Amino acid sequence: MPDGSMTLPALAQIEAVVRTYLDGLHEGDGTKIAAAFHPVAHLYNVVEGAVVDLPRADWLTMIAGRPSPASRGLAREDRILAIDMAGEDAACVKVNCCIPPRYFTDYLLLLKTAEGWKIVSKSFHTELRSV
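The sequence shown runs 1 to 131 under UniProt numbering.
What the hints contain is simulated information worked out from the structure, not anything from laboratory work. Quick caveat, the model's predicted, so the values are computed rather than measured. Each hint should be verified, as a subset may be incorrect.
Stated by the list, open to error - As a list, the in silico DSS-like pairs of lysine-lysine whose alpha-carbon atoms are at most 25 Å apart: (1) LYS32 to LYS118; (2) LYS94 to LYS32; (3) LYS112 to LYS32; (4) LYS112 to LYS94; (5) LYS94 to LYS118.
To be verified - Okay, the calculated beta carbon distance ranges per label pair: (6) ALA12 to GLY49: 33 to 41 Å; (7) LEU111 to VAL51: 20 to 28 Å; (8) GLU48 to GLN13: 33 to 41 Å; (9) GLY49 to GLY116: 32 to 40 Å; (10) GLY116 to VAL46: 25 to 33 Å; (11) GLY49 to SER71: 31 to 39 Å; (12) ASP53 to LEU111: 16 to 24 Å; (13) GLY30 to LEU74: 13 to 21 Å; (14) ALA12 to GLY65: 29 to 37 Å; (15) GLY73 to GLY116: 28 to 36 Å; (16) LEU111 to GLY73: 30 to 38 Å.
Ideal Cβ positions, reconstructed from N, Cα and C, are used throughout, including at glycine.
I would like the entire structure built from these sequences, with the hints used as guidance.
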């Protein structure tokens, strides 16, 4: 959670980027997701013990090819759990979100670029639940 050493403007900017990502994920809006993620960003998870590296462009293609949670009438369930800043230009944000039956915990690494805060990496855990 935020501590007293962090500046509110930076926290607000980081939260805005993460909210844009979460909005885009729920709405299936690749434009919003692309705005939150740096073009060279990658996503990482583990499948059967092996690390899977998914480039941002490939992920955006996958999102474009599936129905969004909003279009399926699914309730939105996401929240920012923690924001941890390192100096003025790096942050890690932990979020929960879902696309039932998949429930995710994401660790988003953000850097403050010339274009503002951008997600440069996402590592995530997926839990399958019965709906």
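- Taking 25 Å as the top limit, are the C-alpha atoms of LYS94 and LYS118 close enough? holds (15 Å)
- C-beta pair LEU111, GLY73: status relative to the range 30 to 38 Å that was hinted: holds (36 Å)
- Quick one, are LYS112 and LYS94 close enough, alpha carbons at most 25 Å? Distance of about 17 Å is within 25 Å: holds.
- Message: Just to be sure I understand the hint, the distance between the Cβ atoms of ASP53 and LEU111 should be within 16 to 24 Å; is that true here?
- Response: holds (18 Å)
- Query: Do the alpha carbons of LYS94 and LYS32 lie within 25 Å of each other, as the hint requires?
  - Reply: holds (19 Å)
- Item | Hint check for GLY116 and GLY49 - Cβ pair distance inside 32 to 40 Å | Since the Cβ atoms of GLY49 and GLY116 sit about 37 Å apart, the hinted range of 32 to 40 Å holds.
- Is the gap between the beta carbons of ALA12 and GLY65 within 29 to 37 Å? With Cβ atoms ~33 Å apart, the hint holds.
- Consistency of beta-carbon spacing, SER71 to GLY49, with hint 31 to 39 Å: At 34 Å between Cβs, range holds.
- Hinted pair LYS32 and LYS118, Cα distance within 25 Å: Between LYS32 and LYS118 the Cα gap is close to 12 Å, so the pair holds against 25 Å.
- Query: Taking the CB of ALA12 and the CB of GLY49, does the distance hold inside 33 to 41 Å?
  - Reply: Holds - the Cβ-Cβ distance for ALA12 and GLY49, about 39 Å, lies within 33 to 41 Å.
- Message: Quick check: does the Cβ-Cβ distance between GLU48 and GLN13 fall within 33 to 41 Å?
- Response: Given range 33 to 41 Å: holds, Cβ gap about 38 Å.
- Task: Kindly confirm whether 13 to 21 Å is satisfied by the beta carbon distance between GLY30 and LEU74.
- Result: holds (18 Å)
Against the hints set out earlier in the document, no violation occurs for any number.
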